[in-house]
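Asker: As given, the protein sequences belong to chains A and B, one line each in that order.
To convert, count from 1 in the first sequence and add 239; that's our numbering.
To convert, count from 1 in the second sequence and add 5; that's our numbering.
Quick caveat, the hints were computed from the structure, so don't treat them as lab data.
Please note: incorrect hints may appear among the correct ones.
[Claimed, not checked] Cβ pair distances, simulated, as ranges:
| id | chain 1 | residue 1 | chain 2 | residue 2 | range |
| --- | --- | --- | --- | --- | --- |
| 1 | B | Asp128 | A | Leu607 | 47 to 55 Å |
| 2 | B | Val39 | A | Ser770 | 40 to 48 Å |
| 3 | B | Ala172 | A | Ser770 | 35 to 43 Å |
| 4 | B | Glu173 | A | Ile368 | 44 to 52 Å |
| 5 | A | Gly307 | B | Phe166 | 17 to 25 Å |
| 6 | A | Leu537 | B | Phe72 | 49 to 57 Å |
| 7 | A | Arg758 | B | Ala172 | 47 to 55 Å |
| 8 | B | Val160 | A | Met361 | 40 to 48 Å |
| 9 | B | Val39 | A | Gly686 | 41 to 49 Å |
| 10 | A | Gly307 | B | Ile49 | 21 to 29 Å |
[To be verified] Here are the simulated EDC-like cross-link-like pairs (lysine to aspartate or glutamate), alpha carbons at most 20 Å apart as the crow flies:
| id | chain 1 | residue 1 | chain 2 | residue 2 |
| --- | --- | --- | --- | --- |
| 11 | B | Lys16 | B | Glu26 |
| 12 | A | Lys351 | B | Asp11 |
| 13 | B | Lys114 | B | Asp175 |
| 14 | A | Lys580 | A | Asp768 |
| 15 | A | Lys522 | A | Asp774 |
| 16 | B | Lys46 | A | Asp479 |
| 17 | A | Lys422 | B | Asp47 |
| 18 | B | Lys15 | A | Asp425 |
| 19 | A | Lys422 | B | Asp179 |
| 20 | B | Lys114 | B | Glu54 |
| 21 | A | Lys422 | B | Asp11 |
Quick reminder that beta carbons are idealized off the backbone N, C-alpha and C, glycines included.
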Amino acid sequence: METVASFYETPEPARFTGIWSWLLTLDHKRIGLMYLFAILFWFLLAVLLGGVLRLELMFPGETILSPGLYNSAFTLHGVIMIFLFIIPALPAIFGNFFLPIHIGADDVYFPKLNLLSWYLYMAGGGIAIFSLFSDGFADTGWTFYVPFSISTNTNVSTTVFAAFVLGFSSMLTGLNFITTVHKMRDRAMGWLQIPLFTWSLYATAWVQLLATPIIAITLVLVMIERFFNVGLFDPARGGDPILYQHLFWMYSHPAVYIMILPGMGVISEIIPVFARKSIFGYKAIVGSSLAIAIAGSLVWAHHMYTSGMSDTAVFVFSLLTYVVAIPSAIKVFSWVATLYKGAIEMTPPLFFSLCFIYLFSVGGLTGLVLGAAGANIHVHDTHFVVAHFHFTMFGGTGFAFFAALHYWWPKMFGRMYDFKKAYIAAILVTGGFMFHYVPMFILGLQGMPRRYYDYLPQYANGNFFAGFGALFMILGIGLMVANLLVSLSRPRNAGPDPWGGVTLEWTIPSPPPVHNFVRPPEIMAYPYDFSGVTDRSAQRPKGE
Amino acid sequence: MPGQRDQTGKKLGMWLFLFTEIILFGALFVLYAVYFSWYPKDFILGAKELDLGFGVINTVILLISSFLVAASITAVQNDQRHIALAALAGAQVCGAVFLVNKYFEWGHKIEIGIYPGSERLLDGPAPQNLFFGLYYVVTGLHGIHIGIGMVLLAVSLVLVFCRRITAENDVVLDNCGLYWHLVDLIWIFIFPLFYLVV
Chain A
240 METVASFYET
250 PEPARFTGIW
260 SWLLTLDHKR
270 IGLMYLFAIL
280 FWFLLAVLLG
290 GVLRLELMFP
300 GETILSPGLY
310 NSAFTLHGVI
320 MIFLFIIPAL
330 PAIFGNFFLP
340 IHIGADDVYF
350 PKLNLLSWYL
360 YMAGGGIAIF
370 SLFSDGFADT
380 GWTFYVPFSI
390 STNTNVSTTV
400 FAAFVLGFSS
410 MLTGLNFITT
420 VHKMRDRAMG
430 WLQIPLFTWS
440 LYATAWVQLL
450 ATPIIAITLV
460 LVMIERFFNV
470 GLFDPARGGD
480 PILYQHLFWM
490 YSHPAVYIMI
500 LPGMGVISEI
510 IPVFARKSIF
520 GYKAIVGSSL
530 AIAIAGSLVW
540 AHHMYTSGMS
550 DTAVFVFSLL
560 TYVVAIPSAI
570 KVFSWVATLY
580 KGAIEMTPPL
590 FFSLCFIYLF
600 SVGGLTGLVL
610 GAAGANIHVH
620 DTHFVVAHFH
630 FTMFGGTGFA
640 FFAALHYWWP
650 KMFGRMYDFK
660 KAYIAAILVT
670 GGFMFHYVPM
680 FILGLQGMPR
690 RYYDYLPQYA
700 NGNFFAGFGA
710 LFMILGIGLM
720 VANLLVSLSR
730 PRNAGPDPWG
740 GVTLEWTIPS
750 PPPVHNFVRP
760 PEIMAYPYDF
770 SGVTDRSAQR
780 PKGE
Chain B
6 MPGQRDQTGK
16 KLGMWLFLFT
26 EIILFGALFV
36 LYAVYFSWYP
46 KDFILGAKEL
56 DLGFGVINTV
66 ILLISSFLVA
76 ASITAVQNDQ
86 RHIALAALAG
96 AQVCGAVFLV
106 NKYFEWGHKI
116 EIGIYPGSER
126 LLDGPAPQNL
136 FFGLYYVVTG
146 LHGIHIGIGM
156 VLLAVSLVLV
166 FCRRITAEND
176 VVLDNCGLYW
186 HLVDLIWIFI
196 FPLFYLVV
């Protein structure tokens, strides 16, 4: 392949140089990288906060955090992880960088809107920080349930406003992606020739677009209540606090699919490449992405079985919750079937993907325990819930994020990282993860509630082990990020296609040139045709 | 590689954005629906307190403004720049009159002691507090949207004046018009729900 200047050397628009060529860039790849570093910062911060929380819980009684501070700390951990990490991580970083390339386009449809989304993201983060230093961060948990969120003295309004701004950023990204997929797709690429990561982003974008306004208005209502005391959710004045919960989860349950769908897309990209085998059930995976997006929007009240609902409602929501499990399981089966009889080549991205499949399956199956109305009453609001959603969100989306980092890092930076350290980090994170969250399942079944800074003596062992696991996990994450960052000082020798991938991003130089394609892309009849791919492991730079 | 951007994508983006606006108000209508089904009598009593005259006048004003915006788009497409400018200015005036009416309507309500947290609402029957709470929140949010719409129409007006919006390139005006129609449409739902439920 001929050598061309990468997007690092070619600012877009060309009149800006230095720092302005980044801050005012309209290039989707630069915006993706700016998201990458901002999101990594927030992620690491929230990981450390989580570590502090578990350190407090390692021993009974008050050790390092006061009860009030503990409440603020878990709220901050939740708000950062949800709104500043998991929701934007895959779409905003990898979606921005690779969605246009996947469909043979030179950018997203609205590049300026894309930059605006980044600024809204940064502003949301800034407002969250600001609220830390004025009257204290909210202590409501990331759910901001009324009436507490209206009556507490901490700075809920500012925190809520931060989430509102971040919601706008996410919504505009979704709007941009839908328009891009419809209008910028290469003319030769039909709907069933789109790579699965882009398909999953497309399904996600619809959820982002249609669900986010609900949280926006709900958060606005919390602010209005705090400023004007209208009493729309105040039972003493005719209102119903449970309606708030409905409105909140009408967004926030679809939001968990905003978080997981792109992760599933990443895994669907990685597995076939390293199995050297066409993905099993391409159409089934596309269909299940859409099915998850639709059915996932109809299950919100399964968070509220104990809040007060009619038995009919509980039955319907429980049933719908089970329905969502079907498309998720279809994906898991498709990935496993892809591996079956494949020519598997182990690499760090595949290793993370395999961990994903395992951890996500555990998370998904325990979700059914929670979705069953009867079992839910027993474990509602216990550590079982905490373990479940960390298995899906961290074991799922988090690991998909790690896998995506390791898969696309050579494409984004043109440099290969050290495999050995990546494996050690992956084993540390996964091992620590199991040590960390499995005890929480047991604690939850024994009845330990979530969101308490202290506990009864019988829960001491489990909490001690969990804290221990957290330490390994944090070490592993640190090693992983350090290993990736160290690779940046190496020469750009990754080559255009170090893995043997066949989607369009592997046909262009690494890092890509500013307009992505040097010559018009050749669209394959089927996006996962590996018949022309040979073994890459011999000529791949080892990153040593 | 050249991009394949065309004007239709900008319209698609605008329609997607309008969906989000509908859902934003949709959540408030959900609140209204639930509370109305619980307390229909109190909502009817509340609606009787509202001034139907203001509501009717504002509805007519918004309908006229929507016509003017639509007319301005047709005028631009037919290269009748002056008519387009006049129509946009007219729509602007309609928006302003709407807000002034709203100001007097709210002012009157506040004068007779109906506003969030007022003694009359705190001591009166609880459901009426909900009705007027929703009234202020919904019409307030709608008023803000009228304000945003007026800014968009003002921008379009300037662009038509500078000949940046022309028959060949009218997508900005088209999109601003779509936004204005949506804001009107939402009022068409607000009006019967609050003024005509009696």
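Asker: Which earlier hints can't be squared with this structure?
Answerer: 2, 3, 5, 6, 7, 8, 9, 10, 13, 15 and 17
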